[in-house]
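Between the sequences and the hints, there should be enough to build the whole structure, so can you do that?
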Amino acid sequence: MGILSSLFGSKNSDYKTLIEQGAVIVDVRSPQEFATGHIQGSINIPLDQINAKADMLLRKNKPIITCCRSGARSSMAEGMLKSAGVDAYNGGSWESLKQKI
1 MGILSSLFGS KNSDYKTLIE QGAVIVDVRS PQEFATGHIQ GSINIPLDQI
51 NAKADMLLRK NKPIITCCRS GARSSMAEGM LKSAGVDAYN GGSWESLKQK
101 I
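Numbering (full-length UniProt numbering), first residue to last: 1 to 101.
The reader is advised that the hints may include incorrect statements.
The calculated BS3-like cross-link candidates involving lysine-lysine, where the alpha carbons are at most 30 angstroms apart (straight line), are [unchecked claim]:
1) 16 - 98
2) 100 - 60
3) 98 - 60
4) 62 - 16
5) 100 - 82
6) 62 - 82
7) 16 - 53
8) 100 - 53
9) 100 - 16
10) 98 - 53
11) 82 - 60
12) 16 - 60
13) 53 - 82
14) 98 - 62
15) 16 - 82
16) 62 - 100
17) 82 - 98
Just so you know, these hints were derived from the structure itself, not from any lab.
Below you can see the structure in the form of structure tokens.
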């Protein structure tokens, strides 16, 4: 996977299918950013809290799709979650992810 797709969301992931399989969308922006707009049904866990919430997300036993404003923070969150054993995907920016699902 190239660096750009890693940062801005993988072109190879079928987000619509992941959602149909019960994936949870985790928006890693700040609560203030989340309040200005987000994907309906997504949950807000700011990037600085991802490691602390990884076990809770792992227990959901569902794929996790991360998103943020540009894809940079969601890429970091994806890496943290994968390191914790979570089936995680970087959805990139929340606005582009919204269009893909």
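How the hints compare with the structure:
1. 16 - 98: Cα-Cα ~10 angstroms, so holds.
2. 100 - 60: Holds: residue 100 and residue 60 sit about 23 angstroms apart, inside 30 angstroms.
3. 98 - 60: Holds, at roughly 22 angstroms.
4. 62 - 16: Holds, at roughly 14 angstroms.
5. 100 - 82: Between residue 100 and residue 82 the Cα gap is close to 22 angstroms, so the pair holds against 30 angstroms.
6. 62 - 82: At roughly 13 angstroms apart (the allowed maximum being 30 angstroms), residue 82 and residue 62 satisfy the hint.
7. 16 - 53: holds (24 angstroms)
8. 100 - 53: Distance ~26 angstroms between residue 100 and residue 53 Cα, so the pair holds.
9. 100 - 16: holds (7 angstroms)
10. 98 - 53: holds (23 angstroms)
11. 82 - 60: holds (14 angstroms)
12. 16 - 60: Cα-Cα ~19 angstroms, so holds.
13. 53 - 82: Distance ~13 angstroms between residue 53 and residue 82 Cα, so the pair holds.
14. 98 - 62: holds (19 angstroms)
15. 16 - 82: holds (20 angstroms)
16. 62 - 100: Judged against 30 angstroms, a Cα distance of about 19 angstroms means the pair holds.
17. 82 - 98: Since the Cα atoms of residue 82 and residue 98 sit roughly 22 angstroms apart, the hinted pair holds (cutoff 30 angstroms).
When held up to the earlier numbered hints, the structure conflicts with none and fits them all.
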